[in-house]
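Enquirer: Single-letter residue listing:
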Amino acid sequence: MARLSRKQIAWRVAQDIQDGTYVNLGIGAPELVANYLPDDREVIIHCENGLLGMGPTPPEGEENPDLINAGKKPVTLVNGASIFHHTDSFAMIRGGHLDICVLGAFQVSERGDLANWATLDNSRPPGVGGAMDLALGAKDVFIITDQCTRDDQPKLLESCTYPLTGKGVVSRVYTDHALIDLENNTFVVREIVEGISQEELQNMTGANLVIADNCTTLRTPEL
Amino acid sequence: MARLSRKQIAWRVAQDIQDGTYVNLGIGAPELVANYLPDDREVIIHCENGLLGMGPTPPEGEENPDLINAGKKPVTLVNGASIFHHTDSFAMIRGGHLDICVLGAFQVSERGDLANWATLDNSRPPGVGGAMDLALGAKDVFIITDQCTRDDQPKLLESCTYPLTGKGVVSRVYTDHALIDLENNTFVVREIVEGISQEELQNMTGANLVIADNCTTLRTPEL
Amino acid sequence: MIDKRVYDFDAALEGMADGATIMSSGFGAAGAPQELLEAVLDCGFRDLVIISNNAGEGERGLIKLLKEKRIAKVICSFPTSSNSEITKELYAAGLLELEIVPQGTLSERMRAGGAGIGGFYTRTSVDTPLAEGKESRSFEGIDYVLERPLTAQFAFIKAREADRWGNLTYNLSARNFGPTMAMAADTTIVQVDQIVELGDIDPEQVVTPGIYVDRIIEVKGG
Amino acid sequence: MIDKRVYDFDAALEGMADGATIMSSGFGAAGAPQELLEAVLDCGFRDLVIISNNAGEGERGLIKLLKEKRIAKVICSFPTSSNSEITKELYAAGLLELEIVPQGTLSERMRAGGAGIGGFYTRTSVDTPLAEGKESRSFEGIDYVLERPLTAQFAFIKAREADRWGNLTYNLSARNFGPTMAMAADTTIVQVDQIVELGDIDPEQVVTPGIYVDRIIEVKGG
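Taken in sequence, the protein lines are chains P, D, U and A.
Note that this note's numbering numbers the first sequence so that position 179 is 179, with each residue one more than the last.
Note that this note's numbering numbers the second sequence so that position 186 is 186, with each residue one more than the last.
Note that this note's numbering numbers the third sequence so that position 42 is 42, with each residue one more than the last.
Note that this note's numbering numbers the fourth sequence so that position 143 is 143, with each residue one more than the last.
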């Protein structure tokens, strides 16, 4: 069955990030988005640990352990970057100044609820990081996730069963099979990857899908 | 009757500011304290408008309109100074980080209440500035004031009649006639200027004075 | 391309209207955006609500707007200055509304507005007339008042340097309210001494990151 | 003369005891005061309460203290790291208490502790398990939870440069929690790459003013 790679999902997200956007890219798959931002756009990447204007990964041997991103990976700064302390960074996040935050998800509900920090397994230590701040603070929250878990459980649901990160915060979900907007407490499918039928997509989803009138095929380069 | 000048009161205050003290000097007479700090002490002067490490008044012609103190007078910076924005400056004040603040007063009560921002005359616009923040934030609040108003009304009272700046905040009062501590809701006289009797001082005060066992003569240079 | 530079005051003030709420940086004259304020005068706007530590100083900026009766209300910590009588005159004549806020509370309320804080508890103003009508509350035996965030449609700021992304540095104690006001307004308009190339400001020395800035106008000698 | 320099770790840690509450700067390994933390290990202190964004990273600092079971509790946003299993093991064995605080709330609570704020309302964690047991409140139809200030007996901070008054600069993103923790602790102890002469740090480039710093120890290559 046709399915986008993580890189392809990240590519698709990148196309939606307009010139002049301030964006925070969460740890994991969202970090890949930085690699696919079109060259003709100036997009300013925020890192929760106090950077605005993150640049590409440094060449091997030129990493600086004091210049890292939220995923604790070495990064660089672009011209026009700024550095600030953590409280100022989260004032920026929580004060609603970021246009977009891209996050991963365990579950998303049709009301836009996001669960991405804890499961129901209490044997492992929980950890929330900046996810709750980002989910509530950014003007738009974009989610990168698979349509289903590895054991074929849908991740897009009527209601989340895992503890929430934030309620009603998700704007748009990019999955391995589709691009889905959250509108009026409904999953509205905008784009579906080639080779997936609407029925197949619905079967992989734990809530009712509405197919947008102008729903198109989700195409990406090979990545 | 023997009476200290403003400069002499400021001199007396300065003697009590120990090496290593972080001190804020309020607008007016408190500003004079900076001129009399003993040379062998490092005292770091804070200005509410975002300076730590205020230096002396610049020579004429070398004033910088962007380098001023809380009284909006041109100042300089000492080696080791730092500059920060207003919210950080008041976080410093309100967070209890300043050792001493020297302020003027309209009235001080025997419970240490301070009134120094508004009278009962409503025809003039009120203005509080940073007085309330300083009065509550500094570890010790020292007051420079005259024992009486120009029309001979006592300024040290059982209770303030003017609107308060802060309740129970004053540690010590330096007047034109005496040095008086606030202890257990009582004015305790530590030093009296030469030529003033205890009775005369009591008659200029609107609350009961207790004379400390070791009360001495308040001596200052001619200034 | 992100380019926040504008080249005349009409462009700087786009979207402004009568009754606008404007935060204006500065402590006395240091850091006061006099040219931006005077452009508002020239544009004819009235009934302004000004949030500023002082209601002007000397002869320029807010004092000019006050003299022309363009300002309906000032939210400030200290409205009068030693070198102007206009605030006293307008207040005595009932032509100017004043809301007095302790200086630290004023600054912290703007920070709260910019940082998504719904309210905070401070000891400042407890047991004073400025706490009247405010909720109070005790934590561990210490009394606090509840203060709410303060935001504005516009912030006018004076800075030293800016690049086209809006990163700012300030000159010495002229920094004062600029960084906080830039966070707290819908539209932040900055007059700068000098516009520099992107990359000319060391990232560690940026005081206000460009994300808080909407428009920059160079005012030489401003 | 104000001289906050100390020359060995015993002097740096003076007054510490078993059960101490310590804020420790750093985001992952960037800005983590590894040598100060390891000095605590060498001094034998136990039952420590650590406030830090992460419960260690790699092999050093907090990880060493965890391995030696010196830490009773960690208040943090994210306790585990990709390169250490010790936190998971201790937690699973019931040997480590964890208090999970959203990262922005953690930082803001420390700021409140340093700035005299009695509490603040934030949207973060509303409708989540991390808001359980906390007061909630609605302002203008938006829900907030009440968060209280966080302070500590000690803050351990890594900085780039210091002068003898304790003015600090930081290196790039190693700045992270240092400036806030310095405000929030009774005693702030800083390990710096380099001690410089008073006056060598431009007043406009000081990130942490010396008023927040109690002791400085130079750790070359730290």
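Quick caveat, the hints were computed from the structure, so don't treat them as lab data.
Hints should not be assumed to be uniformly reliable.
Here are the computed distance ranges between Cβ atoms for each label pair [claimed, not checked]:
| hint | chain 1 | residue 1 | chain 2 | residue 2 | range |
| --- | --- | --- | --- | --- | --- |
| 1 | A | L95 | P | D121 | 42 to 50 angstroms |
| 2 | P | S171 | U | E218 | 33 to 41 angstroms |
| 3 | A | G222 | P | N122 | 53 to 61 angstroms |
| 4 | U | D47 | D | R41 | 47 to 55 angstroms |
| 5 | D | D140 | A | R5 | 51 to 59 angstroms |
| 6 | U | Q153 | D | D140 | 36 to 44 angstroms |
Covered stretches of chain D, going by a simulated chain A footprint (3 or more residues, C-beta under 8 angstroms) [claimed, not checked]:
| hint | region |
| --- | --- |
| 7 | 76 to 88 |
| 8 | 112 to 126 |
Idealized CB from N, CA, C, for every residue including glycine.
Enquirer: State for each hint whether it applies.
Expert: Hints, one by one, checked against the model:
For L95 of chain A paired with D121 of chain P, a C-beta distance near 19 angstroms fails the hint of 42 to 50 angstroms. Between S171 of chain P and E218 of chain U the C-beta distance comes to about 37 angstroms, which sits within the given range of 33 to 41 angstroms. A hinted range of 53 to 61 angstroms for the beta carbons of G222 of chain A and N122 of chain P is inconsistent with their spacing of about 38 angstroms. Checked against the hint of 47 to 55 angstroms, the pair D47 of chain U and R41 of chain D passes, with Cβ atoms roughly 53 angstroms apart.
With their beta carbons about 27 angstroms apart, D140 of chain D and R5 of chain A fall outside the hinted range of 51 to 59 angstroms. A C-beta distance of roughly 42 angstroms is found between Q153 of chain U and D140 of chain D, which places it inside the suggested range of 36 to 44 angstroms. Here's how the region 76 to 88 of chain D fares: 7 of its residues keep a CB closer than 8 angstroms to some CB of chain A, so the rule of at least three is met and the hint holds. As drawn, the region 112 to 126 of chain D meets chain A at 0 residues by the rule of a beta-carbon pair under 8 angstroms; below three, the given contact is violated.
Comparing the model with each earlier hint shows violations of hints 1, 3, 5 and 8; every other hint is respected.
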